[in-house]
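Participant: Residue strings, one per chain:
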Amino acid sequence: MLEIQHLTKIYPGGKKAVDDLSLNVRAGEICGFIGANGAGKTSTIKAVVGIHGFEQGEILIHGKSIRTHPLECKRQMAYIPDNPDLYEHLTGYQYINFIADIYRVSSEERRKRVERYGELFEMTPSLGNVITSYSHGMKQRTAIIAALVHAPSLLILDEPFVGLDPKGAFRLKQIMQELVEAGGAIFFSTHVLEVAEKLCSRIAMVKGGRLVVAGDTDKVKGDHSLESVFMEVQKHE
Amino acid sequence: MNRTFLLLKTQAVNYFSLNEIFGQHGGKRGPVFITAAGIFTLLLFLGGYNVLTAAALVSMGQQDMIPAYMVAVSSFIILVFTLLRSNGILFGSRDFEMLCALPLEAGEVISSKFGFLYLINLAFSVLFMVPAGVVWLTGTRGHGVPFLFYLVSVFFVPLIPMCAASAAGFVITLLSAGSRRKNLLSLIFSFGALGLLLGAGIYGMYGGVKEGSLGTVLAGQIGRLYPLSSWFRYPHRLSVLWNVVFWFVSVLAFWVFVRITAVHYTRLNAILLQNHASAAGKANFMRRSSFAAMYRKELGRYFGSYLYVLNTGLGVVCLLVVCGAICVIPPEKLGGYAGIEDAVSFFGQYAPLIVAAMLSLSCPAASSVSLEGKNIWILQSVPLPFRTFLNSKIAVTLSLHAVGYLTALPVFILRFRMDGARLAALIVIPAVYSIFTAVQGICINCCFPRFDWDNEMVVIKQSMAVILSGVTGMLCVAAPAILHWFFRLPLGMVLWGWAGILLCVSGLLYRKACQTKII
Chain A
1 MLEIQHLTKI YPGGKKAVDD LSLNVRAGEI CGFIGANGAG KTSTIKAVVG IHGFEQGEIL
61 IHGKSIRTHP LECKRQMAYI PDNPDLYEHL TGYQYINFIA DIYRVSSEER RKRVERYGEL
121 FEMTPSLGNV ITSYSHGMKQ RTAIIAALVH APSLLILDEP FVGLDPKGAF RLKQIMQELV
181 EAGGAIFFST HVLEVAEKLC SRIAMVKGGR LVVAGDTDKV KGDHSLESVF MEVQKHE
Chain B
1 MNRTFLLLKT QAVNYFSLNE IFGQHGGKRG PVFITAAGIF TLLLFLGGYN VLTAAALVSM
61 GQQDMIPAYM VAVSSFIILV FTLLRSNGIL FGSRDFEMLC ALPLEAGEVI SSKFGFLYLI
121 NLAFSVLFMV PAGVVWLTGT RGHGVPFLFY LVSVFFVPLI PMCAASAAGF VITLLSAGSR
181 RKNLLSLIFS FGALGLLLGA GIYGMYGGVK EGSLGTVLAG QIGRLYPLSS WFRYPHRLSV
241 LWNVVFWFVS VLAFWVFVRI TAVHYTRLNA ILLQNHASAA GKANFMRRSS FAAMYRKELG
301 RYFGSYLYVL NTGLGVVCLL VVCGAICVIP PEKLGGYAGI EDAVSFFGQY APLIVAAMLS
361 LSCPAASSVS LEGKNIWILQ SVPLPFRTFL NSKIAVTLSL HAVGYLTALP VFILRFRMDG
421 ARLAALIVIP AVYSIFTAVQ GICINCCFPR FDWDNEMVVI KQSMAVILSG VTGMLCVAAP
481 AILHWFFRLP LGMVLWGWAG ILLCVSGLLY RKACQTKII
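Protein chains in written order, with my numbering: chain A, 1 to 237; chain B, 1 to 519.
Rather than coming from a laboratory, the hints here were simulated on the basis of the structure.
Please note that a few of the clues may not be correct.
Here are the simulated BS3-like cross-link-like pairs (lysine-lysine), alpha carbons at most 27 Å apart as the crow flies [stated by the list, open to error]:
1. B:K9 to A:K112
2. A:K15 to B:K9
3. A:K139 to B:K374
4. B:K374 to A:K16
5. B:K9 to A:K139
Reference excerpt, derived from the structure (chain B facing chain A, CB under 7 Å, subset only) [as the list claims (entries may be wrong)]:
6. N2
7. L6
8. C100
9. A270
Some chain B residues flagged as far from chain A (calculated, every beta-carbon gap over 12 Å) [said to hold, decoys possible]:
10. L7
11. L18
12. I21
13. A37
14. A479
As the structure is a prediction and not an experimental result, all values here were calculated from the model.
Virtual Cβ for every residue (Gly too), placed ideally from N, Cα, C.
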């Protein structure tokens, strides 16, 4: 579903943020993307969702290149950034409707999904208020509902659990499971290794822009914890 | 719904806080409503001013010049305003990353951003052209059909100047995008473009041939200011067809602009929003006072924002340009460009007010508190005395003024005849205005802070504090001139008396600002 082939991203000034990174996420998989701060996680994610261009390599969504078919690719996926910058003077409903309009979601479907996810994240009473009045967690939940409103088959999340309370985090994990059970795929970055260990079927570790470990979670960690594997990688690679 | 229109509608609701103004959605309605009321009042004044201008043309027997005059002036103003705004709305807007992740064409995004700028600028063409058009219609007979064509043209007039200014903004962005000092380069290019524009405008209005009837001179001036305005003179019935040509050219300009910019839009925005890692600086552990630390932070914040400097530094930059012009152009010739007789005496007499007026145009303090935005928690959570917070922001405005003031002093002293009294006025009066401008700006911003912005343009250009502070500054500059011109009071006495009042008011406003609870 998501194929990253030899991705290299160089920022102006010459800094190589991502270096020859290749990775596949198949349907039914949750892939955790792990790395220290500045390792290249967000740069990779922004390249995948079409925010950043890249110098070398290719990114394919459902076999189509994000470079040559950006609209088709984006229609299949949804992106939730680490710090959602929403249109703050819209109400939650207006923002979600805006996103639904962009994805051309029918009225019936959007009503069903907003009701469901609004209830699940306990946002229904607040969605009529302007986003400026929301807490960070509420903004994060609104961004999640908006991302799910068009039922994406590929979900890309950058640090999705930051700012969510335990209940919100639980609900998000539940939704992630549902999405992959329905044949979707999820690629997300996180620093919460316990969550990655329990939730992900695959793990990719990145260091200095290069992919250093990738594979099924069980194989990657073996008899150890993911935390000890991560610390080992940071020490030796 | 068309996606461009959907984007446009969403941006308009968000940018103008329409939910807070018209609805009860849990937001703070009051301050936004006051801002909207302030803008509306200003627009009303502008409309009134244009009615008076048109009436003056009618009384001079030049009513047929009204359409061309209004098209030229509104186009010129739209050109300047778009140049000040395009970087921030069209390029480098904060919602770029979010929009990039959605299935939208670059053309749709840029059309919606351009449409949004168009909506703002349409206000200018409406306010200039409609009230004056009504005066034109009532002041003449038999202009029904041309009036209708003129009225339809109101919707097309913003397009060409917007395309020209946005293209200039696009080129400026492109030229400076690759540089580590892109803000500085953008500023130099932008101020250069503005200087060229204003210079061309002044030369167009006053620098041409001045012989012939009033109508010929006026037609020549308007034509030089905006050549396409000549399509809005209606000597015979078929002249209205030129209006149709104008509509076609306007739409064509818009189409070409969107086509060209859409090709580079994503790449350019990505470059604009990327922060260059600055060259590795040496670790500096020198201890500073809290004021010095705040001042350095404020100065960094000021020069770190292209929009902030461009919009609040304009007065000082104009003063520097005037100083440069005074140095190289003989005062008599300079006076000729501005339509002033006996320029040496005029500049000598009004120098303190000229310098003060330009300093009053630059008031970073009026938006400096609001610009803390969501970062205000940092200052609220550290043991920083509120006076230090205020003083650092005042100090930045004074520092900016000092650049203009210290340049203007020697230039004016050396180029114009000044006795002791005028010299003292030149030294003291602008300094008092500078202090007053900074203090009233910070006080008003403390009374009307706005931290919930998501585009700094909102607080820099159209927040309640900035509008109120700008109007206060203009009134304080106009007051001594009005007292001198209309009540025949001696200028020197008026200036000194007024300066005394401003100083006292500054003291009171400073006390008032200190009593507010921001941090």
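Participant: Now look at each hint and say whether the structure bears it out.
Facilitator: Structure-based check of all given hints:
1. B:K9 to A:K112: It holds: about 24 Å lies between the C-alpha atoms, which stays within 27 Å.
2. A:K15 to B:K9: Status violated; Cα separation ~39 Å.
3. A:K139 to B:K374: The given pair, whose Cα atoms are some 14 Å apart, holds under the 27 Å limit.
4. B:K374 to A:K16: It is violated: about 31 Å lies between the C-alpha atoms, which goes past 27 Å.
5. B:K9 to A:K139: Holds, at about 21 Å.
6. N2: violated (10 Å)
7. L6: Holds, because the Cβ-Cβ distance from B:L6 to chain A comes to roughly 5 Å (cut-off 7 Å).
8. C100: holds (4 Å)
9. A270: B:A270 check passes; min Cβ-Cβ to chain A is 6 Å, inside 7 Å.
10. L7: violated (8 Å)
11. L18: violated (7 Å)
12. I21: At about 10 Å from chain A, B:I21 fails to clear the 12 Å cut-off, so the statement is violated.
13. A37: Since the minimum Cβ distance to chain A is about 18 Å, B:A37 lies beyond 12 Å and the statement holds.
14. A479: holds (37 Å)
When the structure is compared with the earlier hints, violations turn up for hints 2, 4, 6, 10, 11 and 12 and for no others.
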